[in-house]
Structure formats: C-alpha cells, structure tokens
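Residue numbers (the working numbering), protein chains in the order written: chain A, 1 to 292; chain B, 1 to 319.
No wet-lab data here; the hints were simulated from the structure. It is possible that some hints are incorrect.
Stated by the list, open to error - A few chain B residues facing chain A, derived, Cβ under 10 Å:
(1) M51
(2) R84
(3) K88
(4) M162
Being a predicted model, the structure only gives us computed values, none of them experimental. Quick reminder that beta carbons are idealized off the backbone N, C-alpha and C, glycines included.
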Amino acid sequence: MSYVDVAPALSPRARRRRILRRRFLRRPLAVVGLVVALVFVLGAILAPVVAPYSASATDFSSVLGPPSSNHLLGTDELGRDVFSRIVWGSRASIEAGVLSVLLAMVVAVPIGLAAGYFRGWIDTVIARLTDVLLAFPFLILAVGLAAILGPSLSNATLALGIGAVPALIRIARGEALALREEDYVRAAVANGAGELRIIARHVLPNMLSTLIVQGTVLIPTAIIGEAVLSYLGLGVQPPTPSWGVMLSDAQSYLTQAPRLAVYPGLAIFLCSLSFNLLGDGLRDILDPRTTR
Amino acid sequence: MSLLQVDELSVRFETDDGNVHAVDRLSFALEEREVLGVVGESGCGKSVTFMSLLRLLPETAVVSGRATFGGVDLLAAPTPRLRRIRGKEIAFVFQEPMTSLNPAFTVGNQIGEVLRRHLGLGRREARGRARELLDLVRIPAPARRLDEYPHQLSGGMRQRVMIAMALACDPKVLIADEPTTALDVTIQAGILDLMRDIRERLGTAIVLITHNLGVVADIADRVIVMYAGRKAEEAPVHELFARPQHPYTIGLLGAVPRPGASRRLQEIPGRVPSLAELPSACAFAPRCPRADELTRTNVPELREVAPGHLVACFHPGPS
Numbered sequence: 001m002s003y004v005d006v007a008p009a010l011s012p013r014a015r016r017r018r019i020l021r022r023r024f025l026r027r028p029l030a031v032v033g034l035v036v037a038l039v040f041v042l043g044a045i046l047a048p049v050v051a052p053y054s055a056s057a058t059d060f061s062s063v064l065g066p067p068s069s070n071h072l073l074g075t076d077e078l079g080r081d082v083f084s085r086i087v088w089g090s091r092a093s094i095e096a097g098v099l100s101v102l103l104a105m106v107v108a109v110p111i112g113l114a115a116g117y118f119r120g121w122i123d124t125v126i127a128r129l130t131d132v133l134l135a136f137p138f139l140i141l142a143v144g145l146a147a148i149l150g151p152s153l154s155n156a157t158l159a160l161g162i163g164a165v166p167a168l169i170r171i172a173r174g175e176a177l178a179l180r181e182e183d184y185v186r187a188a189v190a191n192g193a194g195e196l197r198i199i200a201r202h203v204l205p206n207m208l209s210t211l212i213v214q215g216t217v218l219i220p221t222a223i224i225g226e227a228v229l230s231y232l233g234l235g236v237q238p239p240t241p242s243w244g245v246m247l248s249d250a251q252s253y254l255t256q257a258p259r260l261a262v263y264p265g266l267a268i269f270l271c272s273l274s275f276n277l278l279g280d281g282l283r284d285i286l287d288p289r290t291t292r
Numbered sequence: 001m002s003l004l005q006v007d008e009l010s011v012r013f014e015t016d017d018g019n020v021h022a023v024d025r026l027s028f029a030l031e032e033r034e035v036l037g038v039v040g041e042s043g044c045g046k047s048v049t050f051m052s053l054l055r056l057l058p059e060t061a062v063v064s065g066r067a068t069f070g071g072v073d074l075l076a077a078p079t080p081r082l083r084r085i086r087g088k089e090i091a092f093v094f095q096e097p098m099t100s101l102n103p104a105f106t107v108g109n110q111i112g113e114v115l116r117r118h119l120g121l122g123r124r125e126a127r128g129r130a131r132e133l134l135d136l137v138r139i140p141a142p143a144r145r146l147d148e149y150p151h152q153l154s155g156g157m158r159q160r161v162m163i164a165m166a167l168a169c170d171p172k173v174l175i176a177d178e179p180t181t182a183l184d185v186t187i188q189a190g191i192l193d194l195m196r197d198i199r200e201r202l203g204t205a206i207v208l209i210t211h212n213l214g215v216v217a218d219i220a221d222r223v224i225v226m227y228a229g230r231k232a233e234e235a236p237v238h239e240l241f242a243r244p245q246h247p248y249t250i251g252l253l254g255a256v257p258r259p260g261a262s263r264r265l266q267e268i269p270g271r272v273p274s275l276a277e278l279p280s281a282c283a284f285a286p287r288c289p290r291a292d293e294l295t296r297t298n299v300p301e302l303r304e305v306a307p308g309h310l311v312a313c314f315h316p317g318p319s
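I would like the entire structure built from these sequences, with the hints used as guidance.
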C-alpha cells in the first residue's frame, strides 16, 4: 500500500514544536510578556554593559537630580544614577525569583509525587503538613523564615523557596493522584513495568507542562517577595542595590523626589507582570483544555 | 497440562458500603493455541476475572484460589516474578485504545520500552523490532508511524499499536478485554481478522472478553458464558450455538441480530445483580422464564451435559 504524504516532511517532534510556537505567537499578551521578561533577564545578566554607571558611584554635585542626558532617570539622595541602580537591582530580583522557584521545585516535586502516587500514610502525613503550612500566607511564611535565617540575598531566596514549597507539593500531588489512574498507567503495569519506571516514564513527563506553568506563575510572586524582604531589611543589604532597598530609601524623600519610589516600583510591576503574562500564555498553549 | 489452569477463583471487593462478590469459585483452563471466548453482560465479572490473574485489581480486591501458569501460581507469586510474566508471557489489550497510550512518547518509543525491558534489546534493535510489529498488525507505513505520537493516530490505529505492544515479546497468552467495543464496526472486523491471523501465525492462545456473541462465533474455539460472577455455561463454540442449554445463553443468542430475520430481537428482562452476599439461589432466577421453587432456594452446580459442555442450571435444554 502506498502512503500519500500531504504534510511537508517534518519529524513529529518538530511539527509539534511548530504548532506550539504558532499558538504562542497568536497570543499578543504572551509575546509581550516573553519579550519584557527577556529584557529584564538580559539586563540582569548584562548589567555591567547596560548600566552607564556603577551602582554605588556617588556624584555629590548632582543629588536628587532630575532626569537628564547624563542621568536617564535622575539621581538619588547620594547622587547615584537611578537607572544604573535599577539595572543592577534587577540581578537580585531575577536571582531570587528564578532560583527560589527552582529550589522549591526540586524539593516539592519528589515529595508531592511520592504522596500522590503511593497514597497511604505517607500521603496523609504530607497532605496534612502542607495544609498546615498553606494556612500561613506565603509572604508571612517567607518573612518569618528570612527573619530566622538572617538578612542576605541567599537567605531571602531560601526563605522564598521554602515558602513556595507547600503550594507546589499540593500541585504535584494532585497531578500524580490523577495521573496514576490513567489507562496508560494501568497498561504499563499490565506490561510489567515497575513503580520507578511508571513514575519516571508515565507520571512525571505528563505533569511537566503543569509544573512549567506553575513555576512561571510563581516567579513574579517570588520577585515581589524579594522586594518586600529587601524593603523590610530582611533581604539585600544596602548599599547593594535592589528594588526593595531603593523603595525603602526613597521613603524619606517621598515629598521631594517621588520619582525615586516610582521607578523601582514600576520595575517591580513590569517585571512581575511580564512573567505573569508569560505564564498565562504557556498555560494556554500547553493545557489542551483551554486551547481554542 | 493446560497452558493456564484456574481453580476456584474468587474475587471480593471490600468497600465502605460492604462487600461485593465479583467472581465466585470460577474454574477453567486455557489450552495452547486456543481462542477462548468469555461472554457476559457488563458487571458479570469477566474483566475482573482476568485482571485478577495478573493482579491488576486495586487493593480493595480480595482474591483467592489458584491460577497455575507454567508451574507458577500467579496469585501467590512474588511481585518481581509476576512483573516478568506481565507483558512478556501474558499480555493484555484493554478496551480503551484512545487513552491506553502515554501521550508524552512516540509509538516507537513505547513499543521499544517493552522490548528493552523484557528482552534487553538495545535502542536500535528495539526500533527495528517495533517496526516489524507495526507491520505485523498491518499498520501502513510503519517506519513513519514509529515517530508519531498517539494523538496523531485514529482509534483503530491505536488499538493496533496496543496489540503490537502486547505481542512484542511473543507472549504465550494474549488477553483482549473488549478490544473492539470502542471502535467502528468496520474497524472491529479488521481487528478480529488480525487476532485470528495472530493465532494462526504465532500460535498465541487468546482470551477474548466480550459481550458480543457474534464476535465469539467468529473467532473462538470454546466459549465460557458468565453470569453474576459464576460460570453459567461452557462449551465448544459450535456446540454452544447449536445446542445452548442455559436459559441465559439462549437469551443472549436471542439478542444477536441476524441479517434477513424479520423477527424482533429478544431481550432479557432485568439486569445483572451485583452481589453483596453469596447467593442462596440461582442468580439468574429473577430473570429466568424457567424459574421455580427449586431454583429460588438452591444454587445450581455445573453439570456436564455433553463432552466438554458444562451448564449450571436445574432445567437445562433447548428452548
């Protein structure tokens, strides 16, 4: 029998990737989110190139200066370039945002997976514990942990990561609970697959898209969390720049130079919004239930 | 000796609402190269019986009895031993082809996995063998299909892939649980044709679980009719269709549409009971035209009415 080929010769993997890309590009908000998020990430990585001044270089001849050709967003109370500080400050935000979510994933996914897949008393213990932890609002939990761990960027990241663990455990557990009942899991058992193989091949790969979406959506929460911790003095310590630290410093000059508070606030807003839009877009293209 | 010998198999589900007796002291044998049809309405315990043999039932199921396969009691064997039998010596094909394949991997990858695990083949060999298997189940352009994902295949194609996967390790027994129920009639015929071909070519013994007597007549050598977890009748296929003894079998035959016949299809009134307790009467009595005092107070045991023809009824015989 001859097989009539209608589609251009492409491997299915490549075809699937192309379909996903096309679906993504059809969502303008998601594309904007991706672009803005990339700008922030690149800005953080390339801070030494992008920022015109060092974050701590003071210019006492221009204190609380307005935006000018020398200082794009003006200067702060010590004559430091605000634009440069925002660029350097994005490093703390991106680092805390991305690393804390990765950390939370590494801890939460195996725990939630084991609970949902194996059920039994392990599940009961883990589910109740996450319920207890989820009773604390995320930020309260993170603030408490950061206070215990001591103020520094890595401790703030750790605190935010731990704070995000219970929610992620619950998501991984819920996915595992649903996936273990799938027909293909039953078929794999009937084909002689062991528990580990079923988890590695049939459960984990099928929850990846959900985890990717959840991870992306958690990043803005962690970015805001880092700003809050730094604002409260529990995160990045001055003079190292961070959007939270800048907000905190700007407080005393709110009447003289409100823009000192507006710029870092705007940065936090744009950065977290972009990751949120990106996450929503990913959910739309990866979750078949919302596909139009 | 039979390929598979099942003795006194009972399955009970312990639920919060009490126990349900799904299978009650069922004994049967499966010979080499044989196609055994297992027929009954939904809920009569036919799927549960064969799921229990490979211990695929949830933990709420309490299974007793013996199931001897190659000198091993499947019901008592340690799990690692059983895993080497599952899919390698006894393979299952399930009813739902649409959802029985993992959406995350290509067809070739999934067939290859079984080969790599059970036969220790390398990636390249597994791929070559997977291609042969797709060819065996008559999938056109098999080399190309290997790299496709399940969602790119139709239901009939997917069921062929499931059968290919089941046949991957040349099993001695293929258990097909309603393999055609979810498919179009034209596709059904193709799948049945394929199964007949597999028996001829590979000598695989096949258990065909179905509620469709027409399917059984087409392909089976021997038939077991189940009702409420028990064997109602067992006979070679020609004997069963020529001289059905149990009123339930007769009822099922009356419900098979025949081309050309102008008479109305007969239905069996009522439905299969789910048994919370072991019965003290014939389970079919409430629906049976022949029921009398005896059937309502005693459980009929199996009797041999002709060589190889067993029936559990106090009033057997043609209608």
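Checked hints:
no.	hint	result
1	M51	holds (8 Å)
2	R84	holds (7 Å)
3	K88	holds (6 Å)
4	M162	holds (7 Å)
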